[in-house]
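Student: Spelled out from the first residue to the last, the chains are:
Protein chains: 2
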Amino acid sequence: MSDSTSNPTLANAFYAQSGGVTAVINASAAGLIETARLHPDRIGKVFAGKNGIIGALKEELIDTSLETNEDIAALKHTPSGAFGSCRFKLKSLQESRAEYERLIAVFKAHNIRYFFYNGGGDSMDTAHKVSQLSETMGYPITCVGVPKTVDNDLPVTDNCPGFGSVAKYIAVSIREAGFDVASMAATSTKVFVMEVMGRHAGWIAAAGGLAAEQEGDAPHIILFPEIPFEQTAFLARVDFCVKTYGYCAIVVSEGVKNPEGQFLADAGTVDVFGHNQLGGVAPVIANLIKSNLGYKYHWAVSDYLQRAARHIASATDVEQAYALGKAAMEFALAGKNATMPIVVRESETPYRWSVGQASLSEVANVEKMLPRDYISEDGFGITAKARTYLQPLIQGEDYPPYKNGLPQYVKLQNKLVSKLIDEDFTI
Amino acid sequence: MSDSTSNPTLANAFYAQSGGVTAVINASAAGLIETARLHPDRIGKVFAGKNGIIGALKEELIDTSLETNEDIAALKHTPSGAFGSCRFKLKSLQESRAEYERLIAVFKAHNIRYFFYNGGGDSMDTAHKVSQLSETMGYPITCVGVPKTVDNDLPVTDNCPGFGSVAKYIAVSIREAGFDVASMAATSTKVFVMEVMGRHAGWIAAAGGLAAEQEGDAPHIILFPEIPFEQTAFLARVDFCVKTYGYCAIVVSEGVKNPEGQFLADAGTVDVFGHNQLGGVAPVIANLIKSNLGYKYHWAVSDYLQRAARHIASATDVEQAYALGKAAMEFALAGKNATMPIVVRESETPYRWSVGQASLSEVANVEKMLPRDYISEDGFGITAKARTYLQPLIQGEDYPPYKNGLPQYVKLQNKLVSKLIDEDFTI
Chain A
1 MSDSTSNPTL ANAFYAQSGG VTAVINASAA GLIETARLHP DRIGKVFAGK NGIIGALKEE
61 LIDTSLETNE DIAALKHTPS GAFGSCRFKL KSLQESRAEY ERLIAVFKAH NIRYFFYNGG
121 GDSMDTAHKV SQLSETMGYP ITCVGVPKTV DNDLPVTDNC PGFGSVAKYI AVSIREAGFD
181 VASMAATSTK VFVMEVMGRH AGWIAAAGGL AAEQEGDAPH IILFPEIPFE QTAFLARVDF
241 CVKTYGYCAI VVSEGVKNPE GQFLADAGTV DVFGHNQLGG VAPVIANLIK SNLGYKYHWA
301 VSDYLQRAAR HIASATDVEQ AYALGKAAME FALAGKNATM PIVVRESETP YRWSVGQASL
361 SEVANVEKML PRDYISEDGF GITAKARTYL QPLIQGEDYP PYKNGLPQYV KLQNKLVSKL
421 IDEDFTI
Chain B
1 MSDSTSNPTL ANAFYAQSGG VTAVINASAA GLIETARLHP DRIGKVFAGK NGIIGALKEE
61 LIDTSLETNE DIAALKHTPS GAFGSCRFKL KSLQESRAEY ERLIAVFKAH NIRYFFYNGG
121 GDSMDTAHKV SQLSETMGYP ITCVGVPKTV DNDLPVTDNC PGFGSVAKYI AVSIREAGFD
181 VASMAATSTK VFVMEVMGRH AGWIAAAGGL AAEQEGDAPH IILFPEIPFE QTAFLARVDF
241 CVKTYGYCAI VVSEGVKNPE GQFLADAGTV DVFGHNQLGG VAPVIANLIK SNLGYKYHWA
301 VSDYLQRAAR HIASATDVEQ AYALGKAAME FALAGKNATM PIVVRESETP YRWSVGQASL
361 SEVANVEKML PRDYISEDGF GITAKARTYL QPLIQGEDYP PYKNGLPQYV KLQNKLVSKL
421 IDEDFTI
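In order, the protein sequence lines correspond to chains A and B. Quick note: the first sequence uses the numbering used here, first residue 1, plus one each step. Quick note: the second sequence uses the numbering used here, first residue 1, plus one each step.
Careful, some of the hints might be misleading.
The list treats identical chains as interchangeable, and a pair is accepted whether it falls inside one copy or across any two copies.
Said to hold, decoys possible - List of simulated lysine to aspartate or glutamate pairs, EDC-like, C-alpha gap at most 16 Å:
id: 1; residue 1: 403; residue 2: 330
id: 2; residue 1: 108; residue 2: 153
id: 3; residue 1: 58; residue 2: 330
id: 4; residue 1: 419; residue 2: 34
id: 5; residue 1: 385; residue 2: 373
id: 6; residue 1: 58; residue 2: 101
id: 7; residue 1: 385; residue 2: 397
Hints listed in this document are in silico derivations from the structure and should not be mistaken for laboratory results.
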């Protein structure tokens with residue numbers, strides 16, 4: 001515990017996790033907090049928002065100085081958001097003035113002069129607004145974003161922490177399932193459909209393509225949100241694969257749309273209770289194949305398992321997540337307001353990367369889509385260019401410690417600081 | 001390659017993989033083939049059936065002597081069935097006389113005097129019938145079964161190779177997803193439903209319970225095929241968990257039935273194309289919760305991923321699978337016809353096991369169900385007794401080698417022996 005060494009006259013920091021969590025967002029937290037602990041002469045406490053920015057609005061501040069060095073280090077191998085995350089977007093200053101005023105009141109009360117926001121595009125928009133508070137509301141604050149998203153859709157940075165690990169999980173899983181189906185195909189299952197995350201961008205689906213190294217390897221087909229689903233061409237391709245390779249393994253993005261722009265998954269499945277059933281494009285695709293081609297199928301939907309799968313995290317991803325958390329604290333201590341540390345790809349072979357700097361204004365609200373030239377011409381696979389980009393991001397294994405056959409993930413104490421403001425705040 | 005050392009006058013062996021494959025059935029194959037290679041003076045070639053017993057019927061025999069020692073050793077870390085499996089059950093001698101005669105013709109033509117059948121309950125029934133061929137049809141053969149099933153439903157043996165690894169995958173996955181949902185629950189997903197295999201027996205679902213070590217840990221609810229689904233009690237329990245722990249993580253067996261004995265998953269989901277949709281109890285449960293309690297949910301169906309997940313295999317399971325393959329060959333060389341090697345639990349703490357011997361007649365067609373006293377009184381969890389039984393089976397990690405960030409699984413050459421019989425055989 002660094003509590004006894006922290007200097008009450010120093011400015012404190014606020015750190016929050018935002019949006020969907022990942023296998024490595026806690027590694028960024030570890031990098032950030034451990035770096036702060038190296039500078040007890042320059043920074044006071046790091047408070048973490050309980051459930052993200054909501055923790056700041058409700059003055060529910062977790063005192064991370066009460067956590068042991070061992071527990072903070074264990075964050076590096078613990079998936080999920082250790083302090084709680086939230087789906088909550090601060091609107092513009094005009095629309096949400098009361099919220100910004102509340103933030104400032106809480107920051108003032110707890111002498112918070114550093115703000116760190118660990119999240120995706122929406123969160124970088126919020127961070128950007130907070131970074132302007134000295135100008136817009138006269139409250140001096142240094143705000144640094146920390147990138148995080150399994151979707152890999154943040155611009156400027158070469159890639160986003162969180163993506164490499166989900167990419168590795170998907171590539172490993174479709175390879176394993178492909179081997180399984182290949183064994184069964186002679187008399188049983190001939191088609192396997194695996195649904196992956198990525199509502200808007202096909203980065204995760206593309207990563208599945210890494211599993212196929214030779215002609216005939218799984219996956220044989222990838223369905224991207226970027227490519228409108230053409231039933232006839234798709235079914236012809238499935239049939240070709242089954243006839244040529246004996247089976248067909250398919251990776252389908254949850255965001256696949258029909259040519260009318262409608263999500264296939266949302267198109268109106270009704271369950272036994274008569275309720276409209278949302279989600280699950282894999283069974284839709286599987287049924288389509290069964291009804292048109294008659295092949296026996298199996299399907300899987302990994303959902304949260306893919307983004308929580310710390311047990312098969314990419315070592316590169318863990319290292320980058322930690323490094324960006326560390327860099328964020330270093331940026332803040334250097335007074336670099338309105339910035340975000342990024343991954344810069346220095347060389348392809350051997351893969352080398354460094355930490356660079358972006359400004360939050362470039363990053364906020366921009367979505368980086370999968371380039372068309374990463375997708376093969378027929379729309380069902382990835383190109384060599386995509387492979388070159390994706391390959392380094394899944395390199396290396398970084399296994400968590402195990403006890404009783406299970407990974408040992410840390411649960412922090414998460415003790416809240418005493419409230420200093422009288423009024424509650426309703427969100 | 002052991003080809004040059006094999007003695008053409010020695011009797012050969014036939015090995016086949018049967019039914020749903022696992023993360024470790026190839027480890028049994030490795031144990032069996034490597035043991036045969038240690039005895040070139042006593043056994044000729046090991047032929048593997050291409051796609052299981054069908055390979056014998058169609059005289060499609062893979063010459064395993066053409067595979068390198070390295071590739072056979074790599075089977076120990078390769079999931080799926082390397083020679084192909086099949087879902088095909090030989091009926092009684094009365095009903096399927098032509099098939100038995102064909103088997104004998106193929107065995108005779110290739111001087112096969114040892115028969116190994118690597119599978120579950122149905123396969124042990126087939127193996128038992130084959131073991132009687134000397135008596136019933138005058139063909140002298142030594143037949144040994146090798147247990148394999150993720151369902152863990154074979155009797156006599158303490159546990160089945162394949163189960164420990166799927167158990168580990170499920171326990172790891174629900175722990176990881178539980179951490180994820182806990183992070184999100186304040187403003188987003190409050191309920192997570194994960195569907196697992198086990199149509200008849202709840203062994204795999206029970207294994208999910210290992211992830212919960214303290215009050216409040218995920219999973220909070222397990223739904224077993226052995227316990228009829230009571231909607232009111234279930235919903236009350238979900239609501240209690242969300243209100244008490246902030247979220248609720250559920251493991252549901254695909255085999256869960258309503259009080260009328262109908263599978264919940266089969267109860268008639270209709271997809272967007274108007275087709276009846278089979279499978280997927282997780283979305284059914286999730287929707288039920290949404291409509292009655294209003295909680296935001298996510299659901300996952302791992303399907304084949306769980307049984308193919310060699311990347312997170314249990315080291316205990318791999319070791320036992322290999323040991324039973326090895327023992328099967330040793331049993332055969334010792335002339336122990338109509339037997340099956342089993343795992344015998346020697347002690348609980350420390351966990352110790354040995355290889356024992358069962359007779360195929362005790363094993364064939366008997367299903368070992370999850371005992372009622374392994375399930376908690378309320379039907380939603382596991383007991384200390386279950387934990388004591390399950391815990392050792394997921395012990396240890398046995399990671400495959402990686403290259404380019406992906407596990408390196410072997411694909412054998414699988415070259416077929418020249419056919420010696422003129423007629424084809426139609427199945």
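Student: Could you run down the list of hints and mark each one as holding or not?
Tutor: Checked hints:
With identical chains, the CA atoms of residue 403 and residue 330 are never at most 16 Å apart, being 35 Å at best within one copy and 34 Å at best between copies. Taking CA atoms no more than 16 Å apart as the test, residue 108 paired with residue 153 passes in neither setting, with 34 Å inside one copy and 63 Å between copies. In this assembly of identical chains, residue 58 and residue 330 lie within 16 Å of each other by CA distance neither inside one copy nor across copies; the values are 28 Å within and 69 Å between. Within a single copy, residue 419 and residue 34 get their C-alpha atoms no closer than 25 Å, and across copies no closer than 68 Å, so neither meets the 16 Å cut-off.
Taking identical chains as interchangeable, the C-alpha atoms of residue 385 and residue 373 lie at most 16 Å apart only when both belong to the same chain, with a minimum of 7 Å there against 56 Å between chains. With identical chains, the CA atoms of residue 58 and residue 101 are at most 16 Å apart within one copy only, with a shortest distance of 12 Å there and 79 Å across copies. In this assembly of identical chains, the alpha carbons of residue 385 and residue 397 never lie at most 16 Å apart, being 24 Å within a copy and 35 Å across copies at closest.
The structure shown violates the earlier hints numbered 1, 2, 3, 4, 7.
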